[in-house]
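Asks: Just so you know, the sequences run in chain order A and B.
The working numbering numbers the first residue of the first sequence as 1 and each following residue consecutively.
The working numbering numbers the first residue of the second sequence as 1 and each following residue consecutively.
One or more of the hints may lead you astray.
Residues on chain B that point at chain A, a partial pick, calculated with CB under 8 Å [what the hints assert, rightly or not]:
#1 Tyr32
#2 Lys42
#3 Phe46
#4 Asp49
#5 Lys93
#6 Leu99
#7 Phe101
List time: in silico SDA-like cross-link candidates among lysine to any residue, alpha-carbon distance up to 20 Å [as the list claims (entries may be wrong)]:
#8 A:Lys53 x A:Thr86
#9 B:Lys98 x A:Thr99
#10 B:Lys42 x A:Lys53
#11 B:Lys98 x A:Gly42
#12 A:Lys53 x A:Thr20
#13 B:Lys42 x A:Arg107
Pairwise CB distance ranges (calculated) [said to hold, decoys possible]:
#14 B:Thr69 x A:Thr99: 32 to 42 Å
#15 A:Thr15 x B:Leu11: 19 to 29 Å
#16 B:Asn22 x A:Gly16: 41 to 51 Å
#17 A:Ser67 x B:Ser52: 28 to 38 Å
#18 A:Pro8 x B:Thr69: 43 to 53 Å
By construction, these hints were calculated from the structure, which means they are not laboratory data.
Note that the Cβ used here is the ideal one computed from N, Cα and C, for glycine as well.
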Amino acid sequence: DAGITQSPRHKVTETGTPVTLRCHQTENHRYMYWYRQDPGHGLRLIHYSYGVKDTDKGEVSDGYSVSRSKTEDFLLTLESATSSQTSVYFCAIGGGWETQYFGPGTRLLVL
Amino acid sequence: GESVGLHLPTLSVQEGDNSIINCAYSNSASDYFIWYKQESGKGPQFIIDIRSNMDKRQGQRVTVLLNKTVKHLSLQIAATQPGDSAVYFCAEKSSGDKLTFGTGTRLAVRP
Numbered sequence: 001d002a003g004i005t006q007s008p009r010h011k012v013t014e015t016g017t018p019v020t021l022r023c024h025q026t027e028n029h030r031y032m033y034w035y036r037q038d039p040g041h042g043l044r045l046i047h048y049s050y051g052v053k054d055t056d057k058g059e060v061s062d063g064y065s066v067s068r069s070k071t072e073d074f075l076l077t078l079e080s081a082t083s084s085q086t087s088v089y090f091c092a093i094g095g096g097w098e099t100q101y102f103g104p105g106t107r108l109l110v111l
Numbered sequence: 001g002e003s004v005g006l007h008l009p010t011l012s013v014q015e016g017d018n019s020i021i022n023c024a025y026s027n028s029a030s031d032y033f034i035w036y037k038q039e040s041g042k043g044p045q046f047i048i049d050i051r052s053n054m055d056k057r058q059g060q061r062v063t064v065l066l067n068k069t070v071k072h073l074s075l076q077i078a079a080t081q082p083g084d085s086a087v088y089f090c091a092e093k094s095s096g097d098k099l100t101f102g103t104g105t106r107l108a109v110r111p
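Next up, chain A with everything else stripped away, as it sits in the complex (with noise of 0.2 Å):
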């Protein structure tokens, strides 16, 4: 996890609430991540980052914005959280579309 934080690391919320989620990394890479991990699910792509201001979205990324505007930030905002987003999400940064490197994630606990 060296070099990738993630804030806050736990999280308990409503249904419909605004929720947002920081990655912070001091490895100035260029790509960032944002996945989700639930139970018989591989790790999947929620957004990603390939620079500043430049965002993508991944396989998941309906009820989830992203925003880049600093190389170290990238954060995740539930517009209005649902049950369904009850998750844990994890942060990644690279160089592209290999090898990846996590940071310790955040479990959301969406009531």
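Once you've looked at the hints, dock chain B against the given chain A.
Replies: Leaving out everything else, chain B in the frame of chain A:
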């Protein structure tokens, strides 16, 4: 098949023995593969990678074997230690595509 969480396939090995964890991948066009280790409550940790032009790659106590004919990847851990207990999963990259992650196998090391 593999699955994460309560129904995760488990490999139980005696401390000091060698472990072999298997992964079947789906896309014959995949040209890059990674093995990750994930300890409870932590983010996935990169172990070793291999490109499709190779059959074998060795690291410290780990070896990855790639059989493209049957689309099979394996991770061998020599002299398994208690600290190796974790969930291990593979990831594949198709040319020009994103990483696709498997759901994992739990390795339990018996003392």
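Asks: Does the nearest C-beta of chain A fall within a distance shorter than 8 Å of the C-beta of phenylalanine 46 (chain B)?
Replies: Result: holds, 6 Å to nearest chain A Cβ.
Asks: So, phenylalanine 101 (chain B) near chain A? Judge it on the closest CB pair being under 8 Å.
Replies: 3 Å, holds
Asks: Mind checking the hinted window 19 to 29 Å against the Cβ distance between threonine 15 (chain A) and leucine 11 (chain B)?
Replies: For threonine 15 (chain A) and leucine 11 (chain B) the Cβ distance comes to about 39 Å; the hint is violated.
Asks: Against chain A, is tyrosine 32 (chain B) within 8 Å by beta-carbon distance?
Replies: 6 Å, holds
Asks: Taking 28 to 38 Å as the hint, is the beta-carbon distance of serine 67 (chain A) and serine 52 (chain B) inside that range?
Replies: Hint holds: Cβ distance 35 Å, inside 28 to 38 Å.
Asks: Does lysine 93 (chain B) hold up as a contact with chain A if the rule is Cβ-Cβ below 8 Å?
Replies: Hint holds; lysine 93 (chain B) Cβ to chain A Cβ min 6 Å, cut 8 Å.
Asks: Hint aspartate 49 (chain B) vs chain A: min CB-CB distance below 8 Å?
Replies: At 6 Å from the nearest chain A Cβ, aspartate 49 (chain B) passes the 8 Å test, so the hint holds.
Asks: Lysine 42 (chain B) was flagged as interface toward chain A. Is the shortest Cβ-Cβ separation under 8 Å?
Replies: Holds, because the Cβ-Cβ distance from lysine 42 (chain B) to chain A comes to roughly 6 Å (cut-off 8 Å).
Asks: Within 20 Å, alpha carbon to alpha carbon, are lysine 98 (chain B) and glycine 42 (chain A)?
Replies: Judged against 20 Å, a Cα distance of about 13 Å means the pair holds.
Asks: Between the alpha carbons of lysine 98 (chain B) and threonine 99 (chain A), is the straight-line distance 20 Å or under?
Replies: Roughly 11 Å separates the two Cα atoms, so the pair holds.
Asks: When you check the alpha-carbon spacing of lysine 53 (chain A) and threonine 86 (chain A), does it fall within 20 Å?
Replies: 27 Å, violated
Asks: Does arginine 107 (chain A) sit within 20 Å of lysine 42 (chain B), going by the straight-line distance between their CA atoms?
Replies: At roughly 11 Å apart (the allowed maximum being 20 Å), arginine 107 (chain A) and lysine 42 (chain B) satisfy the hint.
Hint compliance for this structure: hints 8, 10, 14 and 15 are broken, all remaining hints hold.
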